[in-house]
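Trainee: Read off the chains here:
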Amino acid sequence: MKKVSQQVQKAVQTPTPNQQQKISRRQFFFLLIQTQIGVGVLSLPSDLHQVAKQDGWISLAIAGSLLPIILIVLYFIAKQFPNDDFYQINEKLFTRWGGVVFSILYIIYFCMVARLILLLFGRMISLWVLPNTPFWVLALCMVVVGLYMCNGGLLVIARFYTMVSILLIFLIVLMFLSFKEAHWMYLLPIGEVGIGKILQGSTEAFMSFLGFFLSLVVFSKVEGKPREKLKTILQAHLFTFSFYMLTLLISYSFFSTKELSLVTEPLLYMLKSFEMPFVARIDLFFISVWFVSVATSYTTYLYMASFGLQQIFRAKSIKLFTLIVSILIFSLSQFVGLDMERLEKYSTIVVYEGYALTFLMPFLLLVYVLIYKRIQQKKERST
Amino acid sequence: MGFMKRLFFGDHEKLKDRTIVDQAKEPEQPSSTKLADNVDYLTNEFNRTSDLRIRILEKGQAALMYLETLVDQEKLHEAIFSPIELGHVDDISKIPSSRVTKNLEEAIKALLKGHAIYIQDGSRHISQFNVTASFNRSTEEPQNEKIVRGSHDGFIENIMVNINLVRKRIENRDLTIKYFKVGKKTNNNMALLYLDGVTDPELVQEIEHRLKYISADMIHSPGYVEEFIEDQTFSPFPQMLNTERPDRVVANLIEGRVAIMNEGSPTTLIAPSTFFSFYQSSDDYNMRWFTGTFVRLIRLASFIIAVGMPAFYIAVVSFHFEVIPDELIMPVKQTINGIAYPPLIEALVMVVIIELIREAGIRLPQPIGQTIGIVGGLVIGDAVVKAGLVSNLMVIVVALTAIASFVVPSNEMSTTLRLLTFPLIFLAGTLGFIGITFGFMMILIHMTRLESFGVPYLSPVAPLRIKDLKDTFIRVPIYLMNERPKDSRAIQPGVVGPSREWKEVERSNNQQQPKQSIEEGKSTGSESGPNADS
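Taken in sequence, the protein lines are chains H and P. Residue 42 in the numbering used here sits at position 42 of the first sequence, and the numbers go up by one each step. Residue 397 in the numbering used here sits at position 14 of the second sequence, and the numbers go up by one each step.
Simulated from the structure, these hints should not be mistaken for lab results. Computed from a predicted structure; not experimentally measured. Ideal Cβ placement from N, Cα and C applies to all residues, glycine included. The reader is advised that the hints may include incorrect statements.
Pair by pair, the computed Cβ-Cβ distance ranges are [to be verified]:
#: 1; chain 1: P; residue 1: Leu783; chain 2: H; residue 2: Phe76; range: 56 to 66 Å
#: 2; chain 1: P; residue 1: Leu783; chain 2: H; residue 2: Glu353; range: 32 to 42 Å
#: 3; chain 1: P; residue 1: Tyr724; chain 2: H; residue 2: Lys319; range: 34 to 44 Å
#: 4; chain 1: H; residue 1: Asn83; chain 2: P; residue 2: Gly533; range: 51 to 61 Å
#: 5; chain 1: P; residue 1: Gly721; chain 2: H; residue 2: Phe274; range: 24 to 34 Å
#: 6; chain 1: H; residue 1: Thr257; chain 2: P; residue 2: Met713; range: 38 to 48 Å
#: 7; chain 1: H; residue 1: Trp136; chain 2: P; residue 2: Asp579; range: 53 to 63 Å
Based on the provided sequences and hints, a complete structural model is requested.
Mentor: This is the structure in structure tokens:
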């Protein structure tokens, strides 16, 4: 009888084992694509166009085919520590305090990206939808969504991302509207700007994939063998890459090179020109759906930052940290607001930091990890 | 009962004073041999209530006591006096159908249940006779959950009759029923129904555990119970399905869910419930599956219409006029131009008026209720537009919204939808489309975060389980619903075996038959029968 009662108590004491529950690989896939596809989609075509003209898609192709190298590097790092998340790995590698410093570096970076997303979102909305609404109102919307979602934990985030991914289909269908008016001649001549410019463009294109760092942070929280996870990461990358390529090709085939230098958000301008029998101005619907994509990327960064803090302080709940980080991001973003010049400056800082922390650092980290493992093995052998 | 106590309580000290059926701890009052003492004790305990009847029998040597308001006089006569009249027994205390006790407290309980007790002077034995009167209405179809085809009976206020309706439909020894007593003062009966071997035992334990924690003077309806045991009370969404239909309860039990019934209320609670279970109706399964799917889709679309339609209209009219195609701009503009109020106020006024009409219609008797509908709907609607207070389009939009909110087969969900309209109207009035997206996102996040007894509220959509989508947006043919949905937490997966094999058999027979006939025509020597290659 006692045995039964113990069992009952056990069942009662742990009614929701959510905290330990891992996310499935499908959720991991959507987590990755929803993080990557975000603010960048609208401005990516014109950003690449500024550098590489109509050959911007080649730049994207180069970036897209080189990125898996970094993904694999991240995979090799994560594989060494199958049960630890990114911040725990840091502490193992660099001892407690060294690890904390290293983690804080990343946390600050994540916060900065979140702030950048907030600013870009505010700018885009005030340009296209609500010109008279003050920035803080728009920012508040985003911050509240992020806060509410993050407090549910990774599982809720993953579920939500999977669910709203159906909206991506909606975006793709909207983009396909332009196919009947596409002029593929605009893509010619191929390679006009020269290899130098194209490569320069691909460094720009790398930035659109920035969210991939998430794969390292939550790697240990995904079900399945490491190899399967790697497969998911690569699949997600392929999806994002194809999505970007589609947006790029559609906007480059719809607008000529000359026009493209004038329009900053080619997709929206394109959609604006269409009219369906029951609705005009499809771009407004597009932006509304795009809002969801932006919110998902923002939430991921918020989650990564507050999760890092939670690990550093060894806290049980993430709620306090999401609140602190949210308030921080929100209040700091007020200093920039809708000021274009400062926004540009700030975004270059974040971009450089992104290069350093997510493109270069993984390589160094991998070398260090391999050496570290070697030493560990030697130690084990000697004992 | 000590066994029950150990099972559910373990060693929790603080739980000791909970109200549980726990005979060992019941106050005990041994009866006395003196009749007068016993009667005195009982009358005092009942505070000399007027309906406690004491009939002195056998020249003051014995007493028959009962609460006349609870007792059926005919039954009393049949159970106690006719055996004596017919000469079967010579003493009331010897009637075999009685239960005997020596505990006066137990006698009090028996009296409260509507039993009659018989006490004799010089004896400590108290005989109890079940002569309860019960008044049942017929098991009619519930007014709020009518269907076109399918069974037309419904639960009533008597828990025994309700369980009988379920048992009749599930003739299986695994259907298990557990009684609870809840309400410290009212002592109501409550029953937990589940299918053993199908339902997750942890789920049953979890629900029992939560029921044990209820400590209230009165539990008068399932709504009470719901708020005591549901996971999230701070949510507009109902997390347990309320139904008065036996067939719905049975279907859910078979799926591996748990039903909670309450004495005195026809409503049964079903847990765990997901968002989509509120959109299922018994009707869906009696239609062709094409129609079933179509109706299901319409119902789910009504969710979006009911929540978002006024908001969308306001956003378009006050922020994004450019969304309207060229041909429509003039007519829309014309209806709005003369209106003094901003669309936000307009919409709020209209939605509140609709709610007023609805609420007024419910309370009033049927004939007057119709008048309210006519006065409210036609007269006010028409006059309000003519007076130039509200635009024509707004009346259309709000009316459509109201209709859409009534499409949901569950009343709780319908009220939720109407409530959710308001924040979205405000958001649309202040932030346009962005506000609507924000609002819908918050609602979706909230629903993703919700859990009903360990089951995500939005399953099988979030977390996505493609297999279980068979009974959400669409309804596939029954024989394809061969597995229980995961969101019921059932431990036994299969629910429909291969049931359309006859078609396969028929087809293989058709293929075999010509062959067979040829073979028969040729010779009888060959041994290959029709089953040779199957």
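Trainee: Each of the hints needs a verdict: does it hold here or not?
Mentor: Okay, the hints, checked on the actual structure:
{"no.": "1", "hint": "Leu783/P - Phe76/H: 56 to 66 Å", "in the structure": "holds, 58 Å"}
{"no.": "2", "hint": "Leu783/P - Glu353/H: 32 to 42 Å", "in the structure": "violated, 51 Å"}
{"no.": "3", "hint": "Tyr724/P - Lys319/H: 34 to 44 Å", "in the structure": "holds, 41 Å"}
{"no.": "4", "hint": "Asn83/H - Gly533/P: 51 to 61 Å", "in the structure": "holds, 53 Å"}
{"no.": "5", "hint": "Gly721/P - Phe274/H: 24 to 34 Å", "in the structure": "holds, 33 Å"}
{"no.": "6", "hint": "Thr257/H - Met713/P: 38 to 48 Å", "in the structure": "holds, 40 Å"}
{"no.": "7", "hint": "Trp136/H - Asp579/P: 53 to 63 Å", "in the structure": "holds, 58 Å"}
Consistency with the previously given hints fails for number 2 only.
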